[in-house]
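All chains should be modelled from the sequences, with the hints used to inform the complete structure.
Protein chains in written order, with this note's numbering: chain A, 58 to 339; chain B, 243 to 359.
Hints may contain errors.
[Unchecked claim] Chain A residues, not near chain B, derived (Cβ > 12 Å throughout):
1) 190
2) 224
3) 232
4) 272
5) 328
[Said to hold, decoys possible] Distance windows between CB atoms, simulated:
6) B:264 - A:213: 36 to 46 Å
7) A:306 - B:317: 39 to 49 Å
8) B:264 - A:175: 18 to 28 Å
9) A:193 - B:328: 39 to 49 Å
10) A:283 - B:244: 24 to 34 Å
Calculated from the structure, these hints are not laboratory results.
Note that beta-carbon positions come from the ideal geometry of N, C-alpha and C, so glycine has one too.
Here are the chains, one letter per residue:
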Amino acid sequence: MPLVYCGACSHAPGITGRAERADTQTRQALETAFRRMGDEMRATRPDALVVIAAEHFANFFMNNMPAFAIGMADSYEGPIEDEAFLRIGRTTVPGNRALSRRLIENVMQTVDVAYAEEWKFDHGISVPLHFLTPDYDLPIVPANINCQGPPLAPLARAWAFGEALRRAADSVPERIALIGTGGLSHWPATPDSGKINQEWDREFLRRWSANDREALLSYTDAEIYREAGQGGFEIRTFIAAAAAAGGAKGRIDFCEPVPIFAVSCTLGSFEFPPAQQNTSSS
Amino acid sequence: MSLYQVQKLIYQLNRDPRARQRYANERDAVLGEYDLTQEEIGALRKPDIGLLYVLGVNGQLLMHFAALHRIEWTDYLERMRQGLREHGPVREGVYAATGYEGVEAHDARLKAERETR
Chain A
58 MPLVYCGACS
68 HAPGITGRAE
78 RADTQTRQAL
88 ETAFRRMGDE
98 MRATRPDALV
108 VIAAEHFANF
118 FMNNMPAFAI
128 GMADSYEGPI
138 EDEAFLRIGR
148 TTVPGNRALS
158 RRLIENVMQT
168 VDVAYAEEWK
178 FDHGISVPLH
188 FLTPDYDLPI
198 VPANINCQGP
208 PLAPLARAWA
218 FGEALRRAAD
228 SVPERIALIG
238 TGGLSHWPAT
248 PDSGKINQEW
258 DREFLRRWSA
268 NDREALLSYT
278 DAEIYREAGQ
288 GGFEIRTFIA
298 AAAAAGGAKG
308 RIDFCEPVPI
318 FAVSCTLGSF
328 EFPPAQQNTS
338 SS
Chain B
243 MSLYQVQKLI
253 YQLNRDPRAR
263 QRYANERDAV
273 LGEYDLTQEE
283 IGALRKPDIG
293 LLYVLGVNGQ
303 LLMHFAALHR
313 IEWTDYLERM
323 RQGLREHGPV
333 REGVYAATGY
343 EGVEAHDARL
353 KAERETR
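Okay, here's the thing in structure tokens:
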């Protein structure tokens, strides 16, 4: 069944953990946009949601760091963060081991992805799910791109991973939705936390909305580090989502800088042809 | 190699409740299991968040180590700034201080921009 939904969003821990310290109007608008994104995604009647995240040493460390990984379990625990820090209660989120396995086998045709039968969610997945699927009733297939511990996979490989996920999603009978989660320019968890390069973010989102592969892949890591901070490496998740959209154009539903959340909070989705959106399994 | 060991210890503490329990009850034994310098052991014990930052510990690990010690967010950021003042630039890893006006001044600037829209 062709992919039914494709989007991308921020996952900053401050969105929940430091919610009350943001401008009230901006925060409410962000939460409304998040819930709307969840409604739109669920309206496509997905059987599972693939979340391409940039995890933060919850599962993978520099002793054995996969460039790309996909979870393969019937359930996942999360978030691992201190509940007082993230303000999201720890819970068990459903997965689908058999579906994961079929997706992984297909992705492996072109990308040497690692698989993980254990996976603890961190804010990279838990913050988006808190808003998008607050009842945790949709099976999740977690996917990860290493954006934390260099050396990192080149952007072109993140694109290839997104393409492979799309092909895999299209190959299974289930209805699959997909989101990428990450920050654009940011310097998270450092003394510069809160710094945001709005101009750089705007230009990135222009390329992302146009789904301009060449322009998206033209950034170098040196340039990203200089202009968008070490947090900017997470654009890999947005790039993978763009690849998974298969040429569809993107729409930015929300983008506002929130320094106390350390990012421009961003939500976007790809405009799939209506005929594809309405494809029924019956 | 030593930064790797500091980060590995913090990684284990962040993800494993049993490791946290052991660290609370048998700190010396746990620290002895990693190949650490005296400076690193001192920084972990105190904890000296500023020095750990300067040593190059990744913020995605360090912010949770700070939360484990009940260090509030603003205090966490300030301790890293203090570390830069006391110990100089970050010695290893992915960080370089770039200069930033701070969240409050940034918020005030954004608010002014919103009001003129």
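### Task
Check each numbered hint against the structure and report the violated ones by number, ascending.
Failing hints: none at all.
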